Amino acid sequence: MTAQIISSIIFIVCLWLIFSEKLNRTIVGFMGAFLMVGLGKLLDIYDETQAIESMDFNTLGLLLGMMILVALLEPTGFFQFLAVWSGRLSRGRPVVLLVLLGTVTTVVSMFLDNVTTVVLIAPVTILICEILGVNPTPYLMAEALLSDTGGVSTLVGDPPNVLIGSAAGFTFNDFLIHSLPIVIVAWFSALLLLCYLFRRELAVRPPNADVVLKLNPRESLDDPKTARKVLIVLVGAIVLLFLEEQLSISPAFVAMGAAAVALVWVRPDIQDTLRRIEWGVLVFFGALFVMVGGLEASGVLGNLVTLLNNLHAIPPVVFGLILLWFSAALSAFVDNVPITIALIPVLLGLEAQGMNVQPLWWALVFGAGFGGNGTIIGSTANIVVASISERTRTPITSKLWNKRGLPVMLATCTVASVLYLLMYPLLSN
Amino acid sequence: MIKDCMKRNVYSVSANDSIRQAAALIVEQHIGLLPVVNEQGMPIGVIRLSDLLSLEMPDFFDLMPDLDFVHDFGAVETTRPSPEDLNRPVTKLMQPILTVDENCGLLRAYALMMKHNLYDLPVVSEQGAFVGIASLVDIAATILATWKTVGPSFP
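Residue numbers (the working numbering), protein chains in the order written: chain G, 1 to 429; chain C, 1001 to 1155.
Excised from the complex, chain C in its bound form (with noise of 0.2 Å):
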């Protein structure tokens, strides 16, 4: 069960937080993501590193089908958000947030992520409160580990 692998030592940000304090949590604690709770700890949405890096991301990127010619990005490099763009509460970027109960199993978890193109799942309680995460090497090591209890030959 994902209870058993998931980290329970997690961070979230509030609502009314900003851009600008969900960023430096992330970069403090080395996360990729960070979901938003309401005050009775219910996450309402999800705020991942893509969703922030999407601020500095030049416009070509969504509108060219490849960029493996595109030997340096130049300006781009050096481009950064505008204050008034970090100072936005995180509630702009909060993306639609996909959760699994804290008894979900190990193989579902994972192919919810393969399908959604996920790499950390946040895991409730069954009372909704968010209780933690779990990546998708802790969830697939784990699957891997129960690999050593399969015999070296057929019985």
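Only chain G is shown next, with the shape it has when bound in the complex (with noise of 0.2 Å):
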């Protein structure tokens, strides 16, 4: 009993620092690690081999292999390439820019970190913007809406996706067939929203339109010959994870393996490479997963889930809506990863007392996903864009991103709700 307290206290405690950003979330984590690791030690239910149990490889080692590619692509100009091709082609239409582009961004950020494909592309839309004389912010602000929204189409779209595939078992495949259709609806309805929402700012059209045609894409291309190499290893790493259930190989083992052979194939300076890696986060999954198994190791979680098991009581499919909009509503104040982590074992634990959680997984997913649409601190990519745009003249304000983005949230939600109705039958196998 006393170990179930105190390992509370430590997670709560932790979570509390880390959602009120008192400290920084990696300097909370490695700290919760070493109290869950030493009280488990002190009272003998938890000890280092376990802590290095716990930790996840399926998820850290994707992560990982994935923010390797990224390291290597960033360098080579290629994502100030697909804005500045993006700018080209629109002509310099409002409405066909800000498609463009929002497109462009997720699908990229559907296969790569969105946080880095938005470092690299707002600076780049902030440039086409202020040559055509029209103000940023609708474009800032659908890429990152409409990137956060895409991710969730994919298994290595989002970091909660990966932390989910893992844990639920879920395949690269899986993700395509269950949640890219509501996604891609959900997607369009966010696009339209904002079209409309913006309709002010995207009717003027911009006198000297033709400036965006003395872009040259080519030349804002530093190193071409890198990028090839990057994408091909890419688009092999992702025939791969179609191909994961057959070839029985883990999507862990696939991002280390296309970062082994780039790193060989493009030969950088290695520390260059490194120095990119976000490392943060990193050590902040894994020092999760040490205290998640603490909690595990001393019983809190079986505790929590013999209390939730009552819950049977509730029709699954009201359960799932519940969690995907109570996960939604978390996710629109707080970082989605640390909810994830948190609700992964509570499912786990349903699963082991013969609930069918397989529709749960996809509620969380969609939940966890689109919430984050909600606030400008909903998702690190509208932190981003927000902080660049303070750079600029047209700051974007959080009263405007709760004017803007908060009915994206609702509506991205409303349709995944309406979707998880109809798929239920789908979503539950």
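None of these hints come from the bench; they were simulated from the model.
This structure is a prediction, so every number in the text was calculated from the model and none was measured.
Check the hints yourself; a few may be wrong.
Here are the computed distance ranges between Cβ atoms for each label pair [what the hints assert, rightly or not]:
hint, chain 1, residue 1, chain 2, residue 2, range
1, C, Asp1072, G, Asp272, 31 to 37 Å
2, C, Glu1126, G, Glu201, 55 to 61 Å
3, C, Asp1072, G, Ile184, 21 to 27 Å
4, C, Glu1056, G, Leu213, 22 to 28 Å
5, C, Pro1083, G, Val96, 33 to 39 Å
Backbone N, C-alpha and C define an ideal beta-carbon position, used for all residues, glycine too.
Each chain sits in its own coordinate frame; assemble them with the hints.
Spelled out as structure tokens, the structure:
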């Protein structure tokens, strides 16, 4: 009992520190993991070996592998090239520009880290808007909102998906069958809604629209050779992810293998590549795994599941919808990674009790993914876009996000709920 | 010494002057830098061309690593600062000033300018009053002029 109480306190205090942003989340995670293992050793319920076992290599390996690919692609100017190309193709027509930039950001972030994508595409977006003489806000917000929405569709599109995929044993194809159709409808609803919400800004036809035709995408691609190599490896990795089941290989193996091949082929300055890896994210994930492992060892999660088991009276469909909106509401205000990591053991526990949790996993995927659109701090992409815009003459404010982003969150969650009900039999398989 | 090559006929603005006045003085005198001085003539800061032009620079300038592929700046070329911006006091744009004493050696002055990426260096008297400005060209040319004292071959 003492172990349960103390480990719960450690976990709750850490979550509070992470959510209140009083201390950097990676630092909190590090300390929390140390305390959890220390407590476990003191009471003889949890030790180093168990802590290491609780770190999900599938998640960490997949993230690290993809981060290395992004780190190799980043300095080539590929992302800049895509944005410049979109700008040119739009011929300066505002709605077309918004659709193109939104689509490019989404497609790239379905396979690569969407924060990096947004970080590299947002400055070019500001450039295109400034030479056209239009306000960049609608385009920047569309990039963040649409890439967050689109990322929900694939196993590698969003960190919560990597976590859920690993815990529930979902393959890359499972996401394409169950998540992609719903995300496509939600994505188009988000796009239409954005065009409506920003109708006033998008109605102004820039007088010198031709200026974008003088942008040269080829010149914006600094290192086409390396970009081509990394993209070939990336496509190869995606093909292998499709064949994950047939070849019985894990996504982490594919991602790490792709990273190894790309590193050998490109032979970059390895120090520079490693500096671009987001080690803070990886350490944070690892630390959260160790903490959740401690909670599990102390029996807290078992008790929580027994408590939740009384919810059996609620019809499973309703339970799924409640989970979707509950995780969405939480994700709007806090990072969706800790929410997902905290909810995963609960769902695993319910499964152990004999509940069919398949549809619940998907509810969590949609809730955690779409919820982040709601506020300026809801997802890392939102925070990044807002902080880039703060360096311009037209900063995006929290108030503006509530007016434009919150409706997008509500719309995507509503679309997801309706389709969740319609596709419930498929999602239960 | 720097006092031998600096311009003594120099201009400055006071802390109460507006950005508009500072810009007008720079245009009129065709100079690259204006020290901001207090009532005693002591420099308290500096306004450079780049500080003034930052009002007109597009936002993407600081965000983009390179701009080689942008062949036309379009709407940005005709954007002008707002009247409110121009009526603000120079202290809003003023940067910390780096000065040297009039007895400063030329190579030291040149090295400081290289390290701080400066093209003009304000010079102060022993009492700290602003007395002159030496440009990068003034200093470098004076140093190079000494080369003619170097013989044509090894002695």
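Indices of hints not satisfied (ascending): Hint 3 alone not satisfied by this model.
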